[in-house]
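Asks: So the sequence lines, in the order shown, correspond to chains R, B, S, P and F.
Using the UniProt record's numbering, read the first sequence as starting at 1 and increasing by one per residue.
Using the UniProt record's numbering, read the second sequence as starting at 1 and increasing by one per residue.
Using the UniProt record's numbering, read the third sequence as starting at 1 and increasing by one per residue.
Using the UniProt record's numbering, read the fourth sequence as starting at 1 and increasing by one per residue.
Using the UniProt record's numbering, read the fifth sequence as starting at 1 and increasing by one per residue.
FYI, nobody ran anything at the bench for these hints, they're computed from the structure.
Hints may contain errors.
Copies of the same chain look alike in the list, so a pair counts if it works inside one copy or between any two.
Mimicking DMTMM-like on lysine to aspartate or glutamate, the simulated pairs with C-alpha atoms at most 20 Å apart in a straight line are [claimed, not checked]:
| hint | residue 1 | residue 2 |
| --- | --- | --- |
| 1 | Lys5 | Glu28 |
| 2 | Lys23 | Glu35 |
| 3 | Lys23 | Asp89 |
| 4 | Lys22 | Glu35 |
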Amino acid sequence: MYLAKVIGSAVVPQKIPSLNGKKLMLVEPITAGGETALGAQKVAVDAVGAGGGEIVIVAQGTSARQYFQEPNQGIDEVIVGIVDSLNCD
Amino acid sequence: MYLAKVIGSAVVPQKIPSLNGKKLMLVEPITAGGETALGAQKVAVDAVGAGGGEIVIVAQGTSARQYFQEPNQGIDEVIVGIVDSLNCD
Amino acid sequence: MYLAKVIGSAVVPQKIPSLNGKKLMLVEPITAGGETALGAQKVAVDAVGAGGGEIVIVAQGTSARQYFQEPNQGIDEVIVGIVDSLNCD
Amino acid sequence: MYLAKVIGSAVVPQKIPSLNGKKLMLVEPITAGGETALGAQKVAVDAVGAGGGEIVIVAQGTSARQYFQEPNQGIDEVIVGIVDSLNCD
Amino acid sequence: MYLAKVIGSAVVPQKIPSLNGKKLMLVEPITAGGETALGAQKVAVDAVGAGGGEIVIVAQGTSARQYFQEPNQGIDEVIVGIVDSLNCD
Chain R
1 MYLAKVIGSA VVPQKIPSLN GKKLMLVEPI TAGGETALGA QKVAVDAVGA
51 GGGEIVIVAQ GTSARQYFQE PNQGIDEVIV GIVDSLNCD
Chain B
1 MYLAKVIGSA VVPQKIPSLN GKKLMLVEPI TAGGETALGA QKVAVDAVGA
51 GGGEIVIVAQ GTSARQYFQE PNQGIDEVIV GIVDSLNCD
Chain S
1 MYLAKVIGSA VVPQKIPSLN GKKLMLVEPI TAGGETALGA QKVAVDAVGA
51 GGGEIVIVAQ GTSARQYFQE PNQGIDEVIV GIVDSLNCD
Chain P
1 MYLAKVIGSA VVPQKIPSLN GKKLMLVEPI TAGGETALGA QKVAVDAVGA
51 GGGEIVIVAQ GTSARQYFQE PNQGIDEVIV GIVDSLNCD
Chain F
1 MYLAKVIGSA VVPQKIPSLN GKKLMLVEPI TAGGETALGA QKVAVDAVGA
51 GGGEIVIVAQ GTSARQYFQE PNQGIDEVIV GIVDSLNCD
């Protein structure tokens, strides 16, 4: 899973049916120190009620998609947790 | 899913059968601000009627492929939505 | 799927059985403009009779592997189409 | 699998149920020489009792997720081994 | 699949059971010209008796894992062939 910051949301009226009713959030990959990490911003489906500015963990691929009941096609990035704190050694 | 801009289409007469009848679009990964993002241009199968210049969201891997009925081999990038707007915090 | 140029082939006598009889091509990821794209050269199994110098589209992962009947283990990149032309807006 | 150093842990009270009870570790991809490698830090589920500062190997995707019994959705990076030594030629 | 050079092996006494008895090799992604390619060194399970210094092809993900009988969790990179020669156009 990767660390990311929620930086907004995407309004996507024309989409495949399995994305209907899903919150499509804009996320920016970050490092544990909070800096922007290598890699473009992504669109991830929210599964935990994440809001703007929150630090989250995002899962990818089949592991992410399978959180949602069928139909779940077209989902390959899901926000699966909201980070409270990071304990760095 | 990643954000991308549709920059054209690919004419691919010689292809595996499961790609027959599919619209093969050229997409360029972009950031939420609209700049070209890290990562090469890709070929994605259109699932929502996306046209040139439109901002779209692209799903990858099995999650993408499974949008299409079998035979759907060889499909690992699918345009699953056309972005109307991005609300950035 | 990504765009690539076929730049050669790989002779791999010692390999897992499911790769026997498969044409292992050397491909270089390229942009729509034909320049070398970010990302290393890859080895992809040919499924459409692609030859040296041709511009192709390559699928990855399970979506690629499933084009071949079992046994198809160890196959995660497949040339699934030969590009005739790219229409860029 | 990639090499990584455990650099801490993530406290994620609000998460999808399948992550409950899982140790969420912060890992930094490294080279065989121990330098930080290309690629952002990640969050990986521990499967072998890895602690801070240890060098580990991390598996990704479905291969990683399937180590855990269902429900295992949302898991796409797992620490699957603690490195004792690396024999470099 | 990607090209790599075997640069050593990893001694990983504490690991998940499905990795027991598997040869864990250190591989460095290379270009067809033999230079180090973009991307960190990886740990790959050997399936063809590859030794130090040899040029190999590595498969990733489910396609790689499925070469091994169950239990095969935690395996997402497998050496599936030893390159004899590369014919570059």
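Asks: Could you run down the list of hints and mark each one as holding or not?
Replies: Hints and how they fare:
no.	hint	result
1	Lys5 / Glu28	both (5 Å within a copy, 18 Å between copies)
2	Lys23 / Glu35	neither (25 Å within a copy, 24 Å between copies)
3	Lys23 / Asp89	between (34 Å within a copy, 15 Å between copies)
4	Lys22 / Glu35	neither (28 Å within a copy, 26 Å between copies)
The structure shown violates the earlier hints numbered 2, 4.
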